[in-house]
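Protein chains in written order, with the working numbering: chain W, 1 to 115; chain S, 1 to 138; chain R, 1 to 247.
The hints are simulated quantities; they were obtained by calculation from the structure and are not laboratory data. Note that the Cβ used here is the ideal one computed from N, Cα and C, for glycine as well. Please note: incorrect hints may appear among the correct ones.
To be verified - Simulated crosslink set (DSS-like; lysine-lysine; CA at most 25 Å straight-line):
#1 R:Lys-217 / S:Lys-27
#2 S:Lys-17 / S:Lys-32
#3 S:Lys-17 / S:Lys-27
#4 R:Lys-114 / R:Lys-126
#5 R:Lys-238 / R:Lys-217
#6 S:Lys-13 / R:Lys-43
#7 S:Lys-32 / W:Lys-87
#8 R:Lys-82 / R:Lys-43
#9 R:Lys-31 / R:Lys-82
#10 R:Lys-31 / R:Lys-144
#11 R:Lys-43 / R:Lys-31
#12 R:Lys-114 / R:Lys-217
#13 S:Lys-17 / W:Lys-87
#14 R:Lys-144 / R:Lys-82
#15 S:Lys-109 / R:Lys-82
#16 R:Lys-114 / R:Lys-144
#17 R:Lys-31 / S:Lys-27
#18 S:Lys-32 / R:Lys-217
#19 S:Lys-108 / R:Lys-144
#20 W:Lys-87 / S:Lys-109
#21 S:Lys-109 / R:Lys-114
#22 R:Lys-217 / R:Lys-82
To be verified - A few chain W positions that, by computed beta-carbon distances, are all more than 10 Å from chain R:
#23 Ile-19
#24 Leu-30
#25 Phe-48
#26 Leu-51
#27 Asp-82
#28 Leu-89
#29 Leu-92
#30 Ala-94
#31 Ile-95
#32 Ile-111
#33 Trp-113
Unchecked claim - If you anchor each label on the Cβ, the simulated ranges turn out as follows:
#34 S:Pro-20 / R:Ser-24: 21 to 27 Å
#35 S:Ala-123 / W:Trp-39: 23 to 29 Å
#36 S:Lys-13 / W:Val-107: 54 to 60 Å
#37 S:Ile-77 / R:Met-1: 42 to 48 Å
#38 S:Leu-41 / R:Thr-136: 30 to 36 Å
#39 S:Thr-137 / R:Met-242: 40 to 46 Å
#40 W:Lys-87 / R:Lys-126: 44 to 50 Å
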Amino acid sequence: MKKNIDPFWWGLFGAGGAISAISIPVLLFLNGLAIPLGWLEPPAYEDFFTLVKHPLTRLFLFALISLSLLHWAHRFRFTLYDGLQVKHLNELIAILCYGTAIAVTFVAGYILWRF
Amino acid sequence: MSLNPNYTKYHPKWYRKRIPIFWWMQKWAYTKFILRELTSLAVAFYAVVLLLQIRALAQGPEAYANFLNWLKTPVSIVLHGVALLFVLFHSITWFNLSPKALVFRLGKKRIPDALIAGSNYAAWVVFSAAIVWMILTI
Amino acid sequence: MPTNITLEVSRYRPEEEAEPVFQSYEVPFRKDWVILDAINYIKDNIDGTLSYRWSCRMGVCGSCGMMVNGTPVLTCATFLEKYLPGPIRVEPLDNFPVVRDLVIEMTDFMEKLKRVQPWIVREEEKPLSEGEYLQTPVELEDYKQFSMCINCMLCYSACPVYGLEPTFIGPAAIAIAQRYNLDNRDQGNQQRLEILSEDDGIFECTLVGECSAVCPKDVDPAGAIQRFKVAATANWWKSLLMPWGNK
Chain W
1 MKKNIDPFWW
11 GLFGAGGAIS
21 AISIPVLLFL
31 NGLAIPLGWL
41 EPPAYEDFFT
51 LVKHPLTRLF
61 LFALISLSLL
71 HWAHRFRFTL
81 YDGLQVKHLN
91 ELIAILCYGT
101 AIAVTFVAGY
111 ILWRF
Chain S
1 MSLNPNYTKY
11 HPKWYRKRIP
21 IFWWMQKWAY
31 TKFILRELTS
41 LAVAFYAVVL
51 LLQIRALAQG
61 PEAYANFLNW
71 LKTPVSIVLH
81 GVALLFVLFH
91 SITWFNLSPK
101 ALVFRLGKKR
111 IPDALIAGSN
121 YAAWVVFSAA
131 IVWMILTI
Chain R
1 MPTNITLEVS
11 RYRPEEEAEP
21 VFQSYEVPFR
31 KDWVILDAIN
41 YIKDNIDGTL
51 SYRWSCRMGV
61 CGSCGMMVNG
71 TPVLTCATFL
81 EKYLPGPIRV
91 EPLDNFPVVR
101 DLVIEMTDFM
111 EKLKRVQPWI
121 VREEEKPLSE
131 GEYLQTPVEL
141 EDYKQFSMCI
151 NCMLCYSACP
161 VYGLEPTFIG
171 PAAIAIAQRY
181 NLDNRDQGNQ
191 QRLEILSEDD
201 GIFECTLVGE
211 CSAVCPKDVD
221 PAGAIQRFKV
231 AATANWWKSL
241 LMPWGNK
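Sequences are here, hints too, so could you generate the full structure?
And the structure:
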């Protein structure tokens, strides 16, 4: 029986969807809006650095960033296929989407490992 | 995606309507669906911004200050604002759909849908509260 | 209360035209009439050449599905009053080839239904002497919802994925597969999982959810598909990490 790899990508899409749904709103709001707009005092550089340096923080951030990209890759690939009906470019789109997600995963892994 | 379609045999007199490119604009349900799918762009956007923020943090106080300054620019604020709307739409639709995928039965009773969705919302609130507390107290 | 209402019905006569055209008919308006009543009135009194399918006229046979004002419905279960003052646009079900007027070709659907093995699969049949298979009410509840499907194909009309990719196996087929998977008498879970994990199987679905929205029997095929995706993913990991075991 030919082994289909779709369940693998879907599983990552699901995990990414869950972790991003729970984590991203508050992180985006605080880091992207509340602090830049001055509604909240930004934490001091040293404190923030120490917080991020903690291995659990780095592990969580790696999971969040990697899975979010993999979530996007799977979903966006289907959106292009169905939404814009670009069937003839199917393989290329798949490679670009999953490829980008995998590349960012490696970059994130490198940055967080060397933090 | 099939490379070898062998569906209904071709029959010259049967009429097959062409699906227009903008089929998703014809019904609000379809438009809402496409908007939901496009939230993945906002998710990817913020994941990358977060990574850039971490990188700036690793590069030192000056690089980090520069990054914080970029975050204050109108372009960044607008992008983040739009992204927040899309990400919230993602979260709400995701939690509301979770009971469709996760069905459990404990003994004789099936765990009600509201409890599955509710647990997701609860986790969201708890996590968000924890992050706010962490940022405020460090 | 108006005395009449207009129906704009899609006509397609392959021997005469290359594309469907709309023909307007004025029918009496009655508060208790459904779309099917109006169409039957047209056939009996105005235009006997109109072709369409119907049977039980009470929402259990699944024959009379058509697009009414762009939404797939059972015409025997949809009242004229809902569409006042009209006109009402009646077309054949979307996403299927049109044979004539309001009649669509459904062989593809029939083939897909069969493909998922919608019957009790047993490794070994229980001999008659051992009596019946026993099933508690709770076990019945597990799959009952998915057994309510009347094969009306409204879900296939509502599904944009099926429209864009006609090889997609589709909502009703997956729902009926799930009906058997969840039946405690059945042992065909693994086979159906493999069939549905293939290309054109469950992973084509992007959870638009319109299938469940239009289902006249509340089967919720979208739910069946999502549960199947979770099971298929778990099964994929299991067969990767623990390749020993059956088959």
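Those earlier numbered hints the structure runs against, lowest number first
Failing hints, ascending: 5, 10, 14, 15, 17, 20, 21, 27, 37, 38.
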